[in-house]
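Chemist: Using the sequences and the hints given, assemble the complete structure.
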Amino acid sequence: MKKLITITMVVFVTLILLIGCQKEKEEVKKSVTPSPIDDFFSVEQNFNPPHPAFRQFSKYVDVFGVKIYAMEDVEDRKLLHAANVLAQYLDNNEDGEVDNPLVLQAMLDHKAYVIMVKTHNSPDLERFFQAAPPDWEGQDLYDEETIPNGAAHGKFDAALEELLHIVTHAGYAYAYPDVFGEHEGSLVARALDQARGGHFLKVPEKYPEGAWFTYYDETCDYSCQITEYIYWALTSILGAQDFPGRYEYIKDEWRLNTREKVKEGDPTIYKLLTDPQYAFPRRLPDGTYRR
0 MKKLITITMV VFVTLILLIG CQKEKEEVKK SVTPSPIDDF FSVEQNFNPP
50 HPAFRQFSKY VDVFGVKIYA MEDVEDRKLL HAANVLAQYL DNNEDGEVDN
100 PLVLQAMLDH KAYVIMVKTH NSPDLERFFQ AAPPDWEGQD LYDEETIPNG
150 AAHGKFDAAL EELLHIVTHA GYAYAYPDVF GEHEGSLVAR ALDQARGGHF
200 LKVPEKYPEG AWFTYYDETC DYSCQITEYI YWALTSILGA QDFPGRYEYI
250 KDEWRLNTRE KVKEGDPTIY KLLTDPQYAF PRRLPDGTYR R
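In this text, residue positions in the sequence shown follow numbering that gives the first Met the number 0: the first is 0, and each later residue adds one.
Read the hints as simulated data drawn from the structure, not as lab findings.
Some hints could be false.
Said to hold, decoys possible - As a list, the in silico PhoX-like pairs of lysine-lysine whose alpha-carbon atoms are at most 25 Å apart: (1) 205 <-> 260; (2) 117 <-> 201; (3) 205 <-> 154; (4) 58 <-> 117; (5) 270 <-> 250; (6) 154 <-> 260; (7) 154 <-> 201; (8) 117 <-> 154; (9) 250 <-> 260; (10) 262 <-> 250; (11) 250 <-> 154; (12) 270 <-> 260.
Modeler: In structure tokens:
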């Protein structure tokens, strides 16, 4: 009888210890989400948001001081992919140091951030922007449009677009205002005017014949048009717009979808984006930073 009681007590204590260990493991899991073993980044829990507007985001990844915040329903693999793409835009040779410190410093000075929500019509998006600090530079990205290795499946990975936007809009535009400033008179603005067939502060009813950048979104002002123009030109130079079916999909907005087309059709922007002093990426990010 004593042996039975002793055995019972041992089993009971063992169960208590196991339950305690399991709870401890669960607590750790709630604080830090392990990344895939070969991923350079980790998903951190957003315990100390930098501003009340960021409280709704449950997690983030830090990329050279620029944080990508995400809602709970955003897949960790999508968040990590976004982090890797941003890192490759900033450190294209993947040596652990940003290629252009002036650009990163400008992003940090202007409190650049990225937010990720599940879909384009997520109520989380509107709720955030209603409370977002107006003097911080931000960019949104959706889980539904983040498609790692999308070109291999005939789809475009929007992470390549949106993360480049934050780098150029919050980085290059401030680091080199006379060259990449998103305002009239900058070198890139002059190139934009050539690409659109004229100087249009507002979207025209119809772009002139011969224009190769014809973006008709009326919500996109002149500054926004510059951001979009740089995106189209650089990603075309890097090969992101050259896969089966892509040209047919984008030709109503952008005609120069390959490196050679940009070089021949828009030599001004080609020269700016390939000038080594500005250290723009030379390779298209693939979401595998330092792997």
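Chemist: Each of the hints needs a verdict: does it hold here or not?
Modeler: Status of the hints after comparison with the structure:
1. 205 <-> 260: holds (23 Å)
2. 117 <-> 201: Given that 25 Å is the threshold and the Cα spacing comes to 31 Å, the pair is violated.
3. 205 <-> 154: Answer violated: residue 205 to residue 154 is near 29 Å, above 25 Å.
4. 58 <-> 117: holds (13 Å)
5. 270 <-> 250: The given pair, whose Cα atoms are some 23 Å apart, holds under the 25 Å limit.
6. 154 <-> 260: Holds, at about 21 Å.
7. 154 <-> 201: With Cα atoms ~31 Å apart, residue 154 and residue 201 exceed 25 Å; violated.
8. 117 <-> 154: Satisfied, since the Cα-Cα distance of roughly 18 Å is no more than 25 Å.
9. 250 <-> 260: holds (13 Å)
10. 262 <-> 250: Holds, at roughly 17 Å.
11. 250 <-> 154: holds (16 Å)
12. 270 <-> 260: holds (13 Å)
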